Amino acid sequence: MARCAGLGSIIWRLELVTANQLQTNDLMHLGGCGILGVGVWLSVTQGNFATLSSSLPSLSAANLLIAVGTITMVIGCLGCIGAVKESRPLLLTFFILLLLIFFLEILFIMLFFIYQDEIDHYAQRDLKNGLQLFGTEGNVGLTNAWMIVQTDFRCCGVTNHTDWFEVYNASRVPDSCCLEYSDNCGLDNPGTWWTAPCYERVKDWLNENLVALWIFALCTALTQILGLVFSMTMFCQSVKVETFYA
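For the sequence shown, the working numbering assigns the number 317 to the initial residue and increments by one for each residue that follows.
No lab work stands behind these hints, which were simulated from the structure alone. Each hint can be trusted.
Cβ pair distances, simulated, as ranges:
| id | residue 1 | residue 2 | range |
| --- | --- | --- | --- |
| 1 | Leu-427 | Asp-520 | 18 to 28 Å |
| 2 | Leu-415 | Phe-481 | 44 to 54 Å |
| 3 | Asp-433 | Asn-476 | 14 to 24 Å |
| 4 | Thr-452 | Leu-423 | 34 to 44 Å |
| 5 | Glu-516 | Thr-409 | 36 to 46 Å |
| 6 | Val-545 | Thr-511 | 50 to 60 Å |
| 7 | Thr-452 | Ile-412 | 37 to 47 Å |
| 8 | Phe-424 | Lys-519 | 17 to 27 Å |
| 9 | Thr-409 | Thr-452 | 41 to 51 Å |
| 10 | Leu-495 | Gly-454 | 29 to 39 Å |
| 11 | Thr-409 | Asn-476 | 48 to 58 Å |
| 12 | Thr-409 | Thr-478 | 48 to 58 Å |
This structure is a prediction, so every number in the text was calculated from the model and none was measured. Yeah, the Cβ is synthetic: ideal placement off N, Cα and C, and Gly gets one too.
Required output: the full structure, derived from the provided sequences and hints.
The structure is reproduced here in structure tokens:
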């Protein structure tokens, strides 16, 4: 009788953990689908909007979202199948992959704050090198990216509007730097150009939205922690059930 009661308790806990695991995996799967969808939409509608980086031409917002969304969706799907099938190999694989991603995220954040000055310096240098490719053949994406950034953020150049002087070998800037856009307005008086540096403008925008970014990061971390806890708990409960029947 006591043995049956113990088995019933174990099975009840297993079913409860399975339900929680499925809900957590559903969140991951839906989130991955959403991120992947946005990435595909950006890739289709903004196909010419590439990256500002000259050394990492494939590092565009669309490609990043597609990669992150695909990985999240696959891992979430793996966890769902493992929970439904109560498969210990799949649950353990899900746990290891999610734990690895969680540690890599923590490592990335730590390295970012430790080497923030070096990253700033490298990013500015790389962006300035990218200016040399502006308007050249085969770099339509980079050209469009700079035009959109300078128009939307009302800025010019990486650290100063004079960054463009080295590109053109003259005192001129792209027309997207103009206070009022018109053809060849970049040849006019500097008083008609935006003078704010784009690098600082983008950093200021990120700082203004820092709370939203941290909330998103915390929600992501919480979902991952819940996934780790539920998957390992379910794994242990399934071991107990097998041991009970042994």
